[in-house]
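> Here is how the chains run, residue by residue.
Protein chains: 2
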Amino acid sequence: MKSISVVRNVLEANDRIAEQNRALFDENGLFVINLMSSPGAGKTTLLEKTIDALRGEMEIGVIEGDVQSSHDAERIAHKDIDVVQINTGGACHLDGNMIRDTFDAFDFKRLNLLIVENVGNLVCPAEFKVGEDVKVMILSVTEGEDKPVKYPLMFRESTVLLINKTDLLPYLDCKVEDIRREALKINPDMTIFEVSCKTGEGLEAWFGWLRDRVKKE
Amino acid sequence: MKSISVVRNVLEANDRIAEQNRALFDENGLFVINLMSSPGAGKTTLLEKTIDALRGEMEIGVIEGDVQSSHDAERIAHKDIDVVQINTGGACHLDGNMIRDTFDAFDFKRLNLLIVENVGNLVCPAEFKVGEDVKVMILSVTEGEDKPVKYPLMFRESTVLLINKTDLLPYLDCKVEDIRREALKINPDMTIFEVSCKTGEGLEAWFGWLRDRVKKE
Chain B
2 MKSISVVRNV LEANDRIAEQ NRALFDENGL FVINLMSSPG AGKTTLLEKT
52 IDALRGEMEI GVIEGDVQSS HDAERIAHKD IDVVQINTGG ACHLDGNMIR
102 DTFDAFDFKR LNLLIVENVG NLVCPAEFKV GEDVKVMILS VTEGEDKPVK
152 YPLMFRESTV LLINKTDLLP YLDCKVEDIR REALKINPDM TIFEVSCKTG
202 EGLEAWFGWL RDRVKKE
Chain F
2 MKSISVVRNV LEANDRIAEQ NRALFDENGL FVINLMSSPG AGKTTLLEKT
52 IDALRGEMEI GVIEGDVQSS HDAERIAHKD IDVVQINTGG ACHLDGNMIR
102 DTFDAFDFKR LNLLIVENVG NLVCPAEFKV GEDVKVMILS VTEGEDKPVK
152 YPLMFRESTV LLINKTDLLP YLDCKVEDIR REALKINPDM TIFEVSCKTG
202 EGLEAWFGWL RDRVKKE
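Protein chains in written order, with my numbering: chain B, 2 to 218; chain F, 2 to 218.
Simulated from the structure, these hints should not be mistaken for laboratory data.
Yeah, the Cβ is synthetic: ideal placement off N, Cα and C, and Gly gets one too.
Careful: at least some of the hints might be erroneous.
[To be verified] Computed Cβ-Cβ distance ranges for the label pairs, DEER-style:
1) B:GLY90 to F:LYS186: 41 to 49 Å
2) F:ASP16 to B:PHE104: 32 to 40 Å
3) B:TYR172 to F:HIS72: 21 to 29 Å
4) B:THR192 to F:TYR172: 25 to 33 Å
5) F:ASN10 to B:GLU13: 17 to 25 Å
In isolation and in its complexed conformation, chain B is listed as follows (with noise of 0.2 Å):
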């Protein structure tokens, strides 16, 4: 059982770090959110349309986790935002160390809303916090109403489920009554938004969701 106890040991000494860098967040009244999907599910996109809507508002700084590639930064630096590229180089999610390591590139004092954008899996970012107020995940209609039974711990985990792509639904034999159900059989508290990011159907009620919770001072 070696093996079983060094992941806990590993998973613990994140949690250590995670707390940390949690209440540098805290002091600097920044709103953050872990920000988890699989590959292709639409997170980069989320935060495009994220930055555009609300950018008049409040200040928003952005991590992009991705095993290798600066292709999401690229596309978030053009909104003219602060970002940062992480490169796990093979590790299949982020960890408190990498956020941390970040903290010398941005200006917490001027940020109202951090969104750190994990690595495309559904399985690992959710067993290592980086410091997140809150755990978002978001899951594209045509990965399927089995998936929260098949990887249960990111639904448990996260406080908002964005159910992404639904202008694909007319093409698609999954119905989203049938993910919103399986979903909240796993996690019977989770607020879940319909989204298109393409067609911006359904966004606005994920913008209000920020606007409640990030504060501007």
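Please build the complex by placing chain F on the supplied structure of chain B, with the hints as guidance.
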């Protein structure tokens, strides 16, 4: 750099077990596929279609890997095929040991083709051999053309790429030629099939590829 050496040892230990698995598969004339993709890209549906098409020509066995649930194994069991479900209980990939633990459940002498459906994850499964002859990956067109550059290891390791859900292309901004070009940049030797597991379009070429490789005695 302690953590890196731990990871290296784990991978080396796994490689040795995978080689032993492979030797046993070879003795039994079994062709073994390690099937990988993001969650919801269509691995289980591809399996169902492949079993339906080839069951009269060869004996097929399946190992289903999931973090949790026996949903996929139940789908395959409906096909009256030998199938074993592995629940990794948190681990985001299968490894050689987990595969070895299923051996009692199979009569390998009777089988010609064993397909191992890995945990839905575009990162870690590519690092852990299970004893396969080839790695085959699926990418859904809904995931976008930036996946090869963001998740290069899996594209580099895979002999075959199935680009799935082509029936959705009319409703997406993503172009299949862009996925193809980006994938070949990472791995110029990849064999690529464009398929729709829903409509069946393009699957005949995949079945033909399998027929050419599986020994039937």
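> Next step is simple, just say for each hint if it's right about the structure.
Each hint, compared with the structure:
1. Range check, GLY90 of chain B to LYS186 of chain F: about 20 Å between beta-carbon atoms, so the 41 to 49 Å window is missed.
2. Remark: the range hint 32 to 40 Å for ASP16 of chain F to PHE104 of chain B is upheld by a beta-carbon distance near 38 Å.
3. The hinted window of 21 to 29 Å between TYR172 of chain B and HIS72 of chain F holds, with their beta carbons roughly 23 Å apart.
4. Distance hint check: the CB atoms of THR192 of chain B and TYR172 of chain F are about 28 Å apart, consistent with the given range 25 to 33 Å.
5. Taking 17 to 25 Å as the suggested C-beta distance range, the pair ASN10 of chain F and GLU13 of chain B conforms, at roughly 22 Å.
Consistency with the previously given hints fails for number 1 only.
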